[in-house]
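Engineer: In case you want the letters, here they are:
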Amino acid sequence: MNLYAEAQAGALHVQVGEARIDAAVAIRFKDKMREIALQPSDRVVLDLSRVTFVDSSGLGAIVSVMKALAPARRLELAGLTPNVAKVFRLTRMDTVFVIHPAAGATTAASAAAGHGG
Amino acid sequence: MAAELAFGAPQRPARPTPPAPCPDAILHLALQADSLSVRHVLRVIRARLAGGLPDAAADTLELVLAEILNNIVEHAYRDEGGQIEVLVCPVPGALLCRITDQGRAMPGDMLPHPDRPQPDLAVADLPEGGFGWRIVRDLVGDLHYRREAGSNTIRFRITLD
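Going line by line, the protein sequences match chains X and P. Mind the numbering: the first sequence is residues 72 to 188 in the working numbering, read in order. Mind the numbering: the second sequence is residues 156 to 316 in the working numbering, read in order.
Simulated from the structure, these hints should not be mistaken for lab results. Even glycine gets a Cβ: it sits at the ideal position worked out from N, Cα and C. One or more of the hints may lead you astray.
[To be verified] Chain X residues, not near chain P, derived (Cβ > 10 Å throughout):
(1) 111
(2) 113
(3) 134
(4) 166
[As the list claims (entries may be wrong)] Partial selection, computed: residues in chain X whose CB lies under 7 Å from chain P:
(5) 90
(6) 123
(7) 126
(8) 127
(9) 130
(10) 138
(11) 139
(12) 141
(13) 143
(14) 162
(15) 163
[Unchecked claim] Partial list, derived from the structure: chain P residues whose beta carbon lies under 8 Å from chain X:
(16) 177
(17) 222
(18) 289
(19) 309
Input sequences plus hints: build the corresponding full structure.
Structural biologist: And the structure:
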């Protein structure tokens, strides 16, 4: 599970360098994200632009990371590919996360504008 | 190690399922019940169906198979391994799929029917599981489960459009 973390404009930006977050890697993903999130930051932005497949196990792992960061910190998502966006839509998790259209559009201003509550 | 077994190889299921109801199956294979074999088989299926199916149908088939196969790995076989058979038959406008395993029965001999999460749940109350059957039920038609003679059989239809 390749995850690349970088501090950017007050957010910890994590690029997932894998095509799949599925049942085979869900636990490793969750563990590694929790480890990476030890770095302080107000927001954690998960860049999924290289991910073409997420199943329910992968989705559960992403939700679990968000719950582990809350309430002090927020997990936001960026760059969902169409197949991945569909899984979030089907399970209504698209209403739970702040989702940025592209990995570049993750400034604090756009995050504030896109966050409904 | 190859995870996919040619159907009819020595490791065929202990209780063979009845003959395939379609002679022109586009896919008929058996796999070992573990998450890496599921991943491998999904890649094989994508490659084999490339060009022959609309992308949307191939995406749907991959996601639905991932959910059902991984559910069998984790719950029917409880990560102890076993064998799963996958059959995909083309019919006009749709794919008919049948998945068979010899693991434990579904609780209550029924497929789960989870509700969608409420839209206004607090983060702390969000579910971390139960998404799989919700996804499957949204994407397939004619979903049926049968427990018979130690085998589980799940059938469903994926519409091509």
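Engineer: Hint by hint, say whether it matches the structure.
Structural biologist: Checked hints:
The beta carbon of residue 111 of chain X sits about 20 Å from the closest Cβ of chain P, which is more than 10 Å, so the claim that it is off the interface holds. For residue 113 of chain X, the shortest C-beta to C-beta distance to chain P comes to about 15 Å, beyond the 10 Å cut-off, and the non-interface label holds. Interface exclusion of residue 134 of chain X from chain P breaks down, the closest Cβ pair being 5 Å apart, not more than 10 Å. Not every C-beta of chain P lies more than 10 Å from that of residue 166 of chain X, the closest at about 5 Å, which undercuts listing it as non-interface.
With a cut of 7 Å, the hint placing residue 90 of chain X at the interface with chain P is violated, because the nearest CB-to-CB distance is about 10 Å. Violation of the interface hint for residue 123 of chain X is found here, the shortest Cβ-Cβ separation to chain P being roughly 9 Å, above the 7 Å cut-off. The beta carbon of residue 126 of chain X comes within 4 Å of a beta carbon in chain P, closer than 7 Å, and the hint placing it at the interface holds. At a threshold of 7 Å, the smallest CB-CB gap from residue 127 of chain X to chain P is about 4 Å, leaving the interface hint in force.
Checking residue 130 of chain X against chain P: minimum C-beta separation of about 5 Å stays under 7 Å; hint holds. Hint on residue 138 of chain X holds. Least Cβ distance to chain P is approximately 6 Å, under the 7 Å limit. This hint is violated: residue 139 of chain X has a C-beta 10 Å from the nearest C-beta of chain P, more than the 7 Å allowed. The criterion of a C-beta within 7 Å of any C-beta in chain P is met by residue 141 of chain X, whose closest approach is roughly 4 Å, and the hint holds.
At about 11 Å, the closest approach between the beta carbon of residue 143 of chain X and any beta carbon in chain P exceeds 7 Å, and the interface hint on this residue is violated. A hinted interface residue such as residue 162 of chain X counts as satisfied when its beta carbon comes closer than 7 Å to some beta carbon of chain P; here the least separation is about 5 Å, so the hint holds. Against a cut-off of 7 Å between C-beta atoms, the interface hint on residue 163 of chain X holds, since the closest Cβ of chain P lies about 5 Å away. Interface restraint check for residue 177 of chain P: the shortest CB-CB distance to chain X comes to about 27 Å, outside 8 Å, so the restraint is violated.
Given the 8 Å rule on beta carbons, the hint for residue 222 of chain P holds: about 6 Å separates it from the nearest Cβ of chain X. Because the closest C-beta pair between residue 289 of chain P and chain X is about 6 Å apart, less than 8 Å, the hint holds. A hinted interface residue such as residue 309 of chain P counts as satisfied when its beta carbon comes closer than 8 Å to some beta carbon of chain X; here the least separation is about 16 Å, so the hint is violated.
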